[in-house]
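Student: Here is what each chain is made of, one letter per residue.
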Amino acid sequence: MSELLDFIYLRGEYVSLLLVTGMLVFAGGRVAVLTRLPRSEVGDLFWNAGITFVVAARVSYLAVEFPASLLDPLVLIRLQGGLHPLVGVLAVISIVAWHTRGEHGLSETRLAWLAVAAAGLVLTTWTYDVACLAREACYGAEAPSPLGFAMSGLSDTRMATPLVEATLLLIAAGGLLSPQLSMTQSLLALGGIAALLRVALTSASVQGVDAVGLETAAFVVLGLVVLGMALSAGRIVTATSPVVPHDR
Amino acid sequence: MTNSDIPSLPTVEAIRRSLARVLLGTGTALALVLIVAGFALANPRPPARAGTLPFDLPLLDGDSITSEELLGQPVVINVWASWCPPCRDEAPILSRVAAELGDTGVRFLGIVSDDTASNAREFAEKAQLDFPHAIDDGSFDHAYEVQVLPTTYVLDAMGALVATHLGPISEARLRVLIEEAQISESGP
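Protein chains in written order, with this note's numbering: chain A, -16 to 231; chain B, 175 to 362.
For the record, the hints were derived by calculation from the structure and aren't laboratory data. Keep in mind it's a predicted model, so treat the numbers as computed, not measured. From the three backbone atoms N, C-alpha and C, an ideal C-beta is built for every residue, glycine too. Check the hints yourself; a few may be wrong.
[Claimed, not checked] Here are some chain A residues pointing at chain B (derived, C-beta under 8 angstroms):
(1) V16
(2) P129
(3) A143
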């Protein structure tokens, strides 16, 4: 048992995972109230999407980077070894597609559930960002003061990228939650902004390292598509209010 | 779910307004904290350690290395693991700079952390990290308080710690730190 614990290296990533799970459990009911969707269905979606995200992101990473290790369960659970978040996000979208399989195209109901999934992903991102304090990994790119600051153990000034992202997400969420927009619009727009913000901040954090490529481009496209959906949701809501039928 | 379980629209809108205010207020406060930190913590503290902490570790090739053997020339110590994505990202930079500066008296040492010797050996070979790599038994991690992978330490010829860099290092940054170590070597 101790060998297993040593191997999975019980530090930051698992603490972060626990915090993310706690946040999704805490926020599920509140998202249901705000979207006026059934609480149990929102909880189920968060749960299914969360597990699917982690499994898809981890397995896809291993399949691409270390295909031989796919058969080793210990390697599979060693999450700090790397994830492909984009594949996780696409898996979550497929969960929503399955959840709304009776719907056609971007119907009002399907958009509402996509908005719930977007809320879950933004909550996950925000909690994971803040959990950088537990991972002792709040540092980002080298940056001059006051954009960057001295951190313990470092000999240069760094931007606290995860905390900056968490802060900007809070401000964006506060701005988008105003009742001028429908809840579906607000949450989809927040999801789109979160994807674009991730690209902007990640690109700034890996300067000098050739780690920006296909995934970055895909997140930009995803962010723009989700923002487009938010606009589309606005047109639908105008035509057929209320957002979600009350008799679900 | 019945209609009575779903909050009324005015109730939801009131909750939204209240939540929006809380989120905006918290976000603004956090932004101010980050800005204040940016001004208040503008100058990194110099490394606390005056010299290399002693270590004696086995190398991947079966030999061993001690901290004393590193004295006499600037040293770049890079702590890595084959499963660590940012370590893989920075490997080409280390490979290139080590190959270029190997003849100028700058030594490179890899410390393999939380990894198996076979995986590390395979990765070092594939990434052309053609310098010695030691397998950490936990003593280096403990002594140097390694927080994240990768971490790069740059020491001068006297064994004094010139800089610690957390996360993947850029080529420009690595070269600057090596120059600082070389200047420090010729200093008082």
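Student: Hint by hint, which ones does the structure fall short of?
Tutor: none
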